[in-house]
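Undergrad: Now for the letters of each chain:
Protein chains: 2
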Amino acid sequence: MRCHRCRATANVEIRRSRTAYCARCYPDWFRGQVQERIDHERMFRRDQRLLVAVSGGKDSLALWHVLTRQGYRADGMYIRLGIGDYSRRSQEKSEAFAARHGLTLHQVDLKGDHGFVVPDLLDTRSGKPCAACGTVKRYHFNKVAADLGYDVVATGHNLDDEAATLLGNVVHWNTDYLGRQGPVLESTHRGLVRKVKPLYRLAERETAAYAIIERIDYILEECPMAAGAKSLAYKDLLNSLEEQQPGAKHRFLVGFLKEGRSAVRTGAFDQSTDLRECTRCGQPTTGDLCAYCRMAERGRKKAAFKDAKYGRQPVADAAPDRSEAGTDRDSA
Amino acid sequence: MRCHRCRATANVEIRRSRTAYCARCYPDWFRGQVQERIDHERMFRRDQRLLVAVSGGKDSLALWHVLTRQGYRADGMYIRLGIGDYSRRSQEKSEAFAARHGLTLHQVDLKGDHGFVVPDLLDTRSGKPCAACGTVKRYHFNKVAADLGYDVVATGHNLDDEAATLLGNVVHWNTDYLGRQGPVLESTHRGLVRKVKPLYRLAERETAAYAIIERIDYILEECPMAAGAKSLAYKDLLNSLEEQQPGAKHRFLVGFLKEGRSAVRTGAFDQSTDLRECTRCGQPTTGDLCAYCRMAERGRKKAAFKDAKYGRQPVADAAPDRSEAGTDRDSA
Chain A
1 MRCHRCRATA NVEIRRSRTA YCARCYPDWF RGQVQERIDH ERMFRRDQRL
51 LVAVSGGKDS LALWHVLTRQ GYRADGMYIR LGIGDYSRRS QEKSEAFAAR
101 HGLTLHQVDL KGDHGFVVPD LLDTRSGKPC AACGTVKRYH FNKVAADLGY
151 DVVATGHNLD DEAATLLGNV VHWNTDYLGR QGPVLESTHR GLVRKVKPLY
201 RLAERETAAY AIIERIDYIL EECPMAAGAK SLAYKDLLNS LEEQQPGAKH
251 RFLVGFLKEG RSAVRTGAFD QSTDLRECTR CGQPTTGDLC AYCRMAERGR
301 KKAAFKDAKY GRQPVADAAP DRSEAGTDRD SA
Chain B
333 MRCHRCRATA NVEIRRSRTA YCARCYPDWF RGQVQERIDH ERMFRRDQRL
383 LVAVSGGKDS LALWHVLTRQ GYRADGMYIR LGIGDYSRRS QEKSEAFAAR
433 HGLTLHQVDL KGDHGFVVPD LLDTRSGKPC AACGTVKRYH FNKVAADLGY
483 DVVATGHNLD DEAATLLGNV VHWNTDYLGR QGPVLESTHR GLVRKVKPLY
533 RLAERETAAY AIIERIDYIL EECPMAAGAK SLAYKDLLNS LEEQQPGAKH
583 RFLVGFLKEG RSAVRTGAFD QSTDLRECTR CGQPTTGDLC AYCRMAERGR
633 KKAAFKDAKY GRQPVADAAP DRSEAGTDRD SA
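Residue numbers (this note's numbering), protein chains in the order written: chain A, 1 to 332; chain B, 333 to 664.
Chain A on its own, in the form it takes in the complex:
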């Protein structure tokens, strides 16, 4: 195949649109796709301050790279989740990327600042911490963005992530979630920062190709705690479907956003009403204590139990809880 733009030998095929690009033209095409989505969905303006949720993986680093190259003011934020060696290496990748490009990377240290790690949050039914980890990430990305005055939080969710989430919500007919899923989550409270997903129409392999061509050094392996997670099963199913019907993933997600979402009557409450401040952390919540604070309490108990059992020093002694003092602890 030949490059759609310069007719040189192509390196990356975009099967769903029956085009292909060479390694020289591909990054431009990729950045153009991201920019087109930012503009079309009115995700943010050039004068706004963006906080990129960085994990050290290809998607978040590719997103940060694109936003920076496109001239946006985008800082990064990394959460030290405490998932052993995986977390240590993903932190290194994130810090190295920030250093190499002269970018600011904020960090939250779950263990040091909050007294627990993600492996303390195992769900009793699934045996996995994935749902709780999602809560941790949403909470801290939002809190840091709100505390430091960012206008928007941008995450690296790609087409595969979004289609898998959609399939999971459809398989269980979570109509509440269905009604809310989309590339832009508006702020409905001054404590909730607007969330956007600029890569939501780009496939995982397209993001990987961008990262490889742009020589972005990212952590290759998946999170070890996610092995066997349902989200991965949904991705596998969608990959089988894509194999049989090229473009199926794209049509599934885009069809939903165009036809399905507006057709689904969501039972979700209006988030702008009934929100008050968590009595512990001050973040918006519908109850007294927010979901994160309740979860963190359980996590700390579990951590304390493990520390006592294995004779480790409780974290609170090693590093005082600095969550009240703000979470901006590191700028690379």
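A couple of the hints might just be wrong.
Unchecked claim - Quick list of in silico lysine to aspartate or glutamate cross-link-like pairs, EDC-like style, CA-CA up to 16 angstroms:
#: 1; chain 1: A; residue 1: 230; chain 2: B; residue 2: 508
#: 2; chain 1: A; residue 1: 235; chain 2: B; residue 2: 568
#: 3; chain 1: B; residue 1: 567; chain 2: A; residue 2: 236
#: 4; chain 1: B; residue 1: 469; chain 2: B; residue 2: 441
#: 5; chain 1: B; residue 1: 590; chain 2: A; residue 2: 85
#: 6; chain 1: A; residue 1: 111; chain 2: A; residue 2: 85
#: 7; chain 1: B; residue 1: 443; chain 2: B; residue 2: 609
#: 8; chain 1: B; residue 1: 634; chain 2: B; residue 2: 455
#: 9; chain 1: A; residue 1: 302; chain 2: A; residue 2: 123
#: 10; chain 1: B; residue 1: 567; chain 2: A; residue 2: 242
#: 11; chain 1: B; residue 1: 567; chain 2: B; residue 2: 554
#: 12; chain 1: B; residue 1: 567; chain 2: B; residue 2: 493
#: 13; chain 1: B; residue 1: 562; chain 2: A; residue 2: 39
#: 14; chain 1: B; residue 1: 562; chain 2: B; residue 2: 639
#: 15; chain 1: A; residue 1: 235; chain 2: A; residue 2: 204
#: 16; chain 1: A; residue 1: 235; chain 2: B; residue 2: 574
#: 17; chain 1: A; residue 1: 301; chain 2: A; residue 2: 161
#: 18; chain 1: A; residue 1: 235; chain 2: A; residue 2: 161
#: 19; chain 1: B; residue 1: 562; chain 2: B; residue 2: 455
#: 20; chain 1: A; residue 1: 137; chain 2: A; residue 2: 109
#: 21; chain 1: B; residue 1: 562; chain 2: A; residue 2: 243
#: 22; chain 1: A; residue 1: 258; chain 2: A; residue 2: 41
#: 23; chain 1: B; residue 1: 567; chain 2: B; residue 2: 536
#: 24; chain 1: B; residue 1: 475; chain 2: B; residue 2: 609
#: 25; chain 1: A; residue 1: 128; chain 2: A; residue 2: 222
#: 26; chain 1: A; residue 1: 230; chain 2: B; residue 2: 575
#: 27; chain 1: A; residue 1: 258; chain 2: B; residue 2: 508
These aren't lab readings, by the way, just hints derived from the structure by calculation.
Chain A is fixed; fit chain B onto it per the hints.
TA: Leaving out everything else, chain B in the frame of chain A:
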């Protein structure tokens, strides 16, 4: 495992409900499940006349068997689709079942009565006749039922069929179809007979187990024209999901019927309005000529072309078109 009812060694496991039955108790359980759905969905009453759409496969013959055993007045109807050897053998199975149980089987002969066969209806894009074949079946089952005064048409669609159709409609976000999919399709015009699917919550393997235990002689192979059809791909995907999450198929369909369907605002027109009679066949339609008559016309042209090319005698000479004279041509 032990039989949930009599504690004998179990032969059939129902994984989604974590139960199992021996071969003696299983058919009773199966019939109970069908009866429960008939009652719960108010599909039909004992004084009504049912027409069962019979293909010669396990589902339709199991359904006919159950309905007869439960004391319903159920006649069968078979359409000679003209798919070579497959059609010939499925006709034999259907006729043998009717003869063995002393039941009435109506038949429509597509070639003899209407001048074409299903292989004349290949879709130019997919190269398959499956969609057209569906139109043929819906048309004739409805027409014969209406002409002969049946109250209800019952089809053997099982959980796997329904879940696969649902997945296909979801993947393409066909919100019109989504809004209409269900185990009961009410009559919205005097020419449209009520349609029901009493097996819609029973899995394919459960129907197969019933047919085997009740020694129903059915055609084992799938329709040769369906090989590579999307519906089979969707079934495979759902089987993978079921493997990982037992009960997923059931929850997907039942969740849709309980939560999803009512949440989907369908754009479907109200079928009770705007229906008039097809100028050729008199069946309800929204245009001048119904979809079936338009399709049949194309099929007859294709058949005439093939007959001329291969030197066969046109069907019209061999057997005059009897479609006007009614389609009830054979009672076993």
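Undergrad: Indicate, hint by hint, whether the structure satisfies it.
TA: Against the structure, the hints:
| no. | hint | result |
| --- | --- | --- |
| 1 | 230/A to 508/B | violated (29 angstroms) |
| 2 | 235/A to 568/B | holds (15 angstroms) |
| 3 | 567/B to 236/A | holds (15 angstroms) |
| 4 | 469/B to 441/B | holds (12 angstroms) |
| 5 | 590/B to 85/A | violated (45 angstroms) |
| 6 | 111/A to 85/A | holds (15 angstroms) |
| 7 | 443/B to 609/B | violated (24 angstroms) |
| 8 | 634/B to 455/B | holds (12 angstroms) |
| 9 | 302/A to 123/A | holds (12 angstroms) |
| 10 | 567/B to 242/A | holds (15 angstroms) |
| 11 | 567/B to 554/B | holds (13 angstroms) |
| 12 | 567/B to 493/B | holds (8 angstroms) |
| 13 | 562/B to 39/A | violated (36 angstroms) |
| 14 | 562/B to 639/B | violated (31 angstroms) |
| 15 | 235/A to 204/A | holds (10 angstroms) |
| 16 | 235/A to 574/B | holds (15 angstroms) |
| 17 | 301/A to 161/A | violated (32 angstroms) |
| 18 | 235/A to 161/A | holds (8 angstroms) |
| 19 | 562/B to 455/B | holds (14 angstroms) |
| 20 | 137/A to 109/A | holds (12 angstroms) |
| 21 | 562/B to 243/A | holds (12 angstroms) |
| 22 | 258/A to 41/A | holds (13 angstroms) |
| 23 | 567/B to 536/B | holds (10 angstroms) |
| 24 | 475/B to 609/B | holds (13 angstroms) |
| 25 | 128/A to 222/A | holds (14 angstroms) |
| 26 | 230/A to 575/B | holds (12 angstroms) |
| 27 | 258/A to 508/B | holds (14 angstroms) |
The structure fails to meet hints 1, 5, 7, 13, 14 and 17 from the earlier list, while all remaining hints are met.
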